[in-house]
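Grab the two chains, each in its own frame, and use the hints to assemble them into the complex.
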Amino acid sequence: MSIQQTRNFCIIAHIDHGKTTLSDRLLEVTNTISMRESTDQQLDSMDLERERGITIKSHPVAMEYTAKNGQHYTLNLMDTPGHVDFAYEVSRSLAACEGALLIIDAAQGVEAQTVANVHLAHKQGLTVIPVINKIDLPTADIESCKRQLEDILAIPGDEAICTSAKAGIGIVEILESIVERVPSPKVMADNRVRGLVFDSVFDTYRGVIGYIRMASGTIQPGLGVKLMSSNKNYEIKDVGVFTPKMETRPQLNAGDVGYFIANIKTTAEIKIGDTLTEQRHPSDEPLPGFQEIHPMVFSGIYPINTADFEHLKAAMAKLQINDASFVYQAESSIALGFGFRCGFLGLLHMEIIQERLRREYNMDIISTYPSVIYEVLKTNGELLTVDNPAFLPDFSVIEEIREPIVKATIMVPNENIGDIMGLVLEKRGVVDHTESLDTRRVMISCELPLNEILVDFNDKIKSMTRGYGSMDYEPAGYRADKLVKLDMLVNGEPVDAFSSIVHRDKAEGRGRQLASKLKEVIPTQLYVVAIQAAIGGKIVARETVSASRKDVTAKCYGGDISRKRKLLEKQKEGKKRMKSIGKVNIPQEAFIAVLKSSAGG
Amino acid sequence: MMPLRHLYVHIPFCLKVCPYCSFYKERLEPTRMRRFLDALLLELERESGKRLLQPRTIFFGGGTPSALSASQLEYLLTGIRERLDLSALSEWTLEMNPATVSMSKARLLRALGVNRISMGVQSWDPALLSVLGRVHTAAQAERSYEILREAGFDNINLDLMFAVPTQTLAQWEATLEKTIALGPEHISAYCLTYEEDTAFFERFSSGLYAQNKDWDADLFEATLDRLEAVGYDGYEISNHARPGRECFHNLAYWEGADYLGLGPSAFSTCGAERWQNVADVQAYTSRIFAGESAIGFREEVDASTHLAERIAFGLRTNRGVALDLLGPWQSVVDEYLSEGFFTHDGARIRLTRKGKLVADTLAEAFV
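Chains A and B are the protein sequences, given in the same order. Heads up, the first sequence is in this note's numbering, so the first residue is 133 and it goes up one at a time. Heads up, the second sequence is in this note's numbering, so the first residue is 468 and it goes up one at a time.
It should be emphasised that the hints constitute simulated quantities derived from the structure, not laboratory data. Beta carbons are placed, not taken as given, at the ideal position from N, Cα and C, and that holds for glycine. Each hint should be verified, as a subset may be incorrect.
[Claimed, not checked] Keeping only pairs whose Cα atoms sit at most 27 Å apart, straight-line, the calculated DSS-like set for lysine-lysine is: (1) A:K651 x B:K645; (2) B:K517 x A:K687; (3) A:K715 x B:K680; (4) B:K821 x A:K702; (5) B:K821 x A:K687.
[What the hints assert, rightly or not] Short, incomplete list of chain A residues facing chain B, as computed with Cβ under 10 Å: (6) K318; (7) V319; (8) M320; (9) I393; (10) K397; (11) L658; (12) Y659; (13) E675; (14) T685; (15) Y689; (16) G690; (17) G691; (18) K715; (19) P719.
[As the list claims (entries may be wrong)] One side of the interface only, derived from the structure: several residues of chain B facing chain A at Cβ under 8 Å: (20) T660; (21) D664; (22) D683; (23) G701; (24) S705; (25) F734; (26) F780; (27) K823; (28) A826; (29) V834.
In isolation and in its complexed conformation, chain B is listed as follows (with noise of 0.2 Å):
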């Protein structure tokens, strides 16, 4: 049996919910805790029964896996280390919220395996941090950043987000600026999107927000333009990385890996197999409790629909596509090629800058 190597795990809590977020997640229920850090290790037991897990990347996202404490996260990394067989693993990443960092959780997460950081900064003002709703400053923020750094840990993603209401041209550019100052081994830049069942997505229907494509094509180049010129590679999409410092947890996703999610509303995929947690924490703890599948949802990734995910979304990386997987799609390539979207080496296609920008309207057709 192959290993499975990559391993996620969700932590869905957060101290405040954010206007623009639609992760599965809830307000942070210190007194239900223990009982739900219980089941997450008694999933990662009873899939370990079922399959050979031997990662080579672990992801804890959420929600804030930041805001459990640190005896939370202690007695949870520890139970997931003695379950598991981590003599493969070279990147452990864990998100946190710059509000929730301190130097003794810090230094217990890098004495725990964990050596990587992925913080949610979004932006250095004020004034769009708080239109953002986050709950730290942009100086919690910065000290949250040396903390990390003096705990040791070498290998930090800085989230960063543009095209937010009232956000200016200066304003996204200090941003960066700010973020290129600190060094990052890892920038992750989004275009804010706005996603239903949000506030967000509330004000934006209601004409409160709106949305400009030229906008966010403007500042999505800038983004790309001042990255790459200050070493930077943009290696998909939204992700910008040193040499070396991409991330591995994800790049697996749009290569087409297997993956195991544990905890609620986390996806699976092995083989043909994916499956979703249910999105309840109340639901995902009993079921587990009860010894009954924890799972919500199920779809079966058949070989065209596998194949159909590795174009998309490797399109959306640099490494791109192998030709031989585009066979069928010749005359597409070939369009795409001769229209300045795709480029290719003679092995691998890969999107150009003008391509990049319309990434979705050209994988539609390989889907």
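Same shape as in the complex, but just chain A (with noise of 0.2 Å):
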């Protein structure tokens, strides 16, 4: 099929605004899966996406198409996250293709995620075709998400395509749009190989299968090729498409996308976004965009049960095969013992790890509390970054510490507005302005430290809006503040799992909550336990746990002898799990109940 009768496209939608549904349907109508092999979202495959309503990664699809034109075309359909945590992920996806759908919700409207995609987009240089879906629904508001269009992201509102992807409705005309609208691939004149490597899977029996856009030239098996970011070089071994499942073609040119598979061991040597070029004829550059993946949030994972340690590091390497952007490296913590300190992309990417741990690798896991990269520049010039608080220096030779700000995008109904303005504040953050959408919802531009919504921020702009709020942020910068280290003290000893970073302004409060709840989760002992929360040695909050007044069985006979023996070594052992901060036992469960209820707050 030549060129000119294939087109490349994305779709670009907001969680629950039918992203799913529609490439569903646009599958079925172009008969790439009958309606009898459809369950329903086809293209999500994790239980977890399915659940959550979210693609992380899916693969693209090559759907067949004879238009109204009479011409044959195959519309390539790029997947593409829906979550900002993964936007690097989603430029790559979108600079593999030439067109993107902008699906919105006819009753939601335009959402911050939305809003940030599109722009995502246009940087590319796509096409962008207005869908406004569920157009059935008794809520749709045709003509005000027409007017968001042209005033949030300056698309002319006559251009969206009505639809139901439920119904059915409206989705030949989506078809029609695609072969009209967004051009076919354009091809680079000196046909050098250039493919883009826009994602990539592991396969336990054919090592890596890497997701390609060819920008020009042909990949065959035989073929000698490298990876440029790298130099790295390998052999193709075979190539082909997405039908939705994997079918192997003689070649891949100019402008296809699909797969190939080489002699490639792991992803972590295969980079999102990196150029595929031939061995012998190299190309002299590299396709624009490639970056290297940095975590931007991090957490220690400890396996509950401590001799789970392995079965947690296997875990782990078996994630990273799939997931290059989740690092890990092992690291010990006095109360929580042998773990690992992990880097993601941001908070969703945190918590698919977490629950993919739970959930495929059957992992008991605590989490600690997340932190994000601190600059710390020393007061001999030095700069350091520091993603865990146990490192960093000690305070006298600080200089200042600088925190990661982002700038967020926060979309709420025009009765919530007072109420995000003071998460803002309390979260401290700037508002830089607000903007009316249409009579019902406005836009909050605004400046926050990325520590201060890494835990519950989108979780109260959620309740507080009882759900119609969305947000979305991009990094914007180092800015230095007044933080601090918390520490938390039992009986004079520090205990690393639960110190923090923190603002001045905040850390008294933080200190005083963390030592409550402590004291409510450690369990009477021989002695009395002191809890402290100190800000560099000073101590700013206190908690008591007295001794334990009685722990005597009353009856011990004859017959009660091995029993009670029993119920002693029992007791023991359970103490034997508990850490030991000097004479004092804290229960495993008292470090979960303490970190579980600090990402409340």
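Set out below in structure tokens:
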């Protein structure tokens, strides 16, 4: 098929606006999969993705379509991750396309995430086709959606196609407009081999499968290729397309979207955004836009049962094979034993990894309070990056601590603006400007420390707005602030798992909160337990757990001796699993309870 | 062969099952009784064939041994006398429920060699007796006590219970005073424990009853103070006696001596062997008659376990534990001494008052 009959496009949508349902309808109408084979949500394969209604990773699909003009076309649908944590991956998927369907829920209107992704699409020079979906809902407001398209996104409202993916309305119109409006792939003239790697997965039997959009040239089995960022050589073993199953083809040509298999062992070798070229006649320059991915959020992950450390290690290695953006290294904590310091692209990414460890690998894990990467300027001029409060140098040698800032876009119903502005202030944010989207909603643009929105910010927006608010953010550099290290001490000894870097103004409150929570969960001991919160050696909060007054069995006779001894043994065994901080035994459950509750504020 | 010095006999029958009791017992069924008593005697015969039995103490516990009729008791005790060398016997205890004491029974027991009675009074307060589901009244318990004295028992223990749901400090003090006034040689004062598989435990689990350790501790301390003040030596956590009137049978358990238990659910320990008979009258009886072993559970008590038990249970007594047994735990002993949980006289370690209150936590270090 000629390149003039190829269209590469993706779908941009907010969570729940119907991306997956629409994708499925496109597959059905083009007979790529029959209705009979179709279970709902064809493209989302992981349970977790289905449950959350989001796509973390899915593969492209080639659809064959005969348009009303009588011509046959190949339409390559690139599914993109819908969340800002994966912004870079989204940008690489977009770079593999010429067009994007922008889906807007007719009842919800434009959401924060949509704005961010449309900006990405415009940056890539994509043709954006607006689709107003769910028009059959009684609450649908098509006119308002069109106005928002114009006002917020500067897209003419009358370009929008009105559809209901669920009811199958407007699907053919979408296919026709892809054919008409999305340009065919542009091809570079010199015919050298250049392929944009926009994703990869690991297959136990075939090794790494790279997803590729050919920008120029042709690849076929036997060709010697190399990845330009690592300069490593490979030999192509197989190429093909997704229909949606993997189907071998003799070759992939310029403009094609498909997969290639070479002797690549791990996904870490094949970086998203990298350029595949030919060994003998390599491209002079890689395709633009490649970046190394850096984690933004860090957290310790520990097995609840210390004996599970090796299992956890194996599980993490398996996860990383499929997700090179997830990084980890072994660390140990006095309180939690051996575990891993893990880096994530963002909060959702962190939650997904934790959930996958729990569900797919059956791991019982606890994670520590998440941290961002701080820049620490020492008095001697040295600049450190610190992602774990434990490694913060002594305060006497710190000139200043800088924290990562994000630019956030928050869209909320008018009546919630006061609450949300209050929340932004509470989170040390600065509101840049507000803007009315329509008669019902406003958009708040603000800057916030990333650290402050790590845990519950999004949840709070959702609960304050009864689910109508939405939020998105992008990194906006570093800024120095009055940051301090808060330590929790048990009988004078610091408990590393509870150390955190917090703003001076919030440190006391958080210290008090942690101390009172710890008092609740530390069982009474033989001795009085003092729980203190300290900022740089100065105690800011204190709680006391009184010593246990009575622990003695009343009756103990011949018949009870074995049972009683076993009870003592069991009780002792239980304490072995506790962490000893000085003479104080703290059960693992206490750490977990505190780490869980501190996630709430 | 060293003779076995301590014999326990389990009579697993009660008129009515108390809602807090977790010992193995059944409702009394008179028709099966003779066969059961024969099984006990047969088990005794078999055991005498295996080892030298020359008890210093015998303890009839339950259940309610006094739930047996006078003629049943006569049959059983006579049977035992015929089969055992009692030349070394100095203490023969039988547990009685106040509702099952009669002059004829008391005289009979005394005549057959029983010289110590342990009576489950629990409380002198009618309201609390009803909470505890006891079949006797306070007046009946007092009358039974007088009968026992008249029948010639000069060594009587009264069982009492504190931290009973709804019990006030005044009620407990009144029960203590009433008991002191009667002047038994021995008082066992137990803190109520919510044992699994009891009606009380269900009520506790459902939140109907609650436990407050501070309250338990207050009552416990009040008990120690009061009984000590009137000359009862708290020689074990829950046991108080006039000098020389300790229960030697129970002391034997706590000091790690060997003992033989007869009857369903009874435990025995001989050297490194510990076993328990099946906790089922029917199964016990039929196995004994079939010439089979009645053992339902066995355990090896190796040297280190035996040592752990000697320390954990020895610490509960005011004789304490010989310091040289504690060698491997020197640092723990030092810590507990300096924190005031332990005291010592150069040769033996004992719990202080503070230590008694948390004896279980302390004992953990040694198991």
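Taking the numbered hints from earlier one at a time, note which ones the structure violates and give those numbers from smallest to largest.
Violated hints (numbers, rising): 1, 2, 6, 7, 8, 9, 10, 13, 19, 21, 23; every other hint is consistent with the structure.
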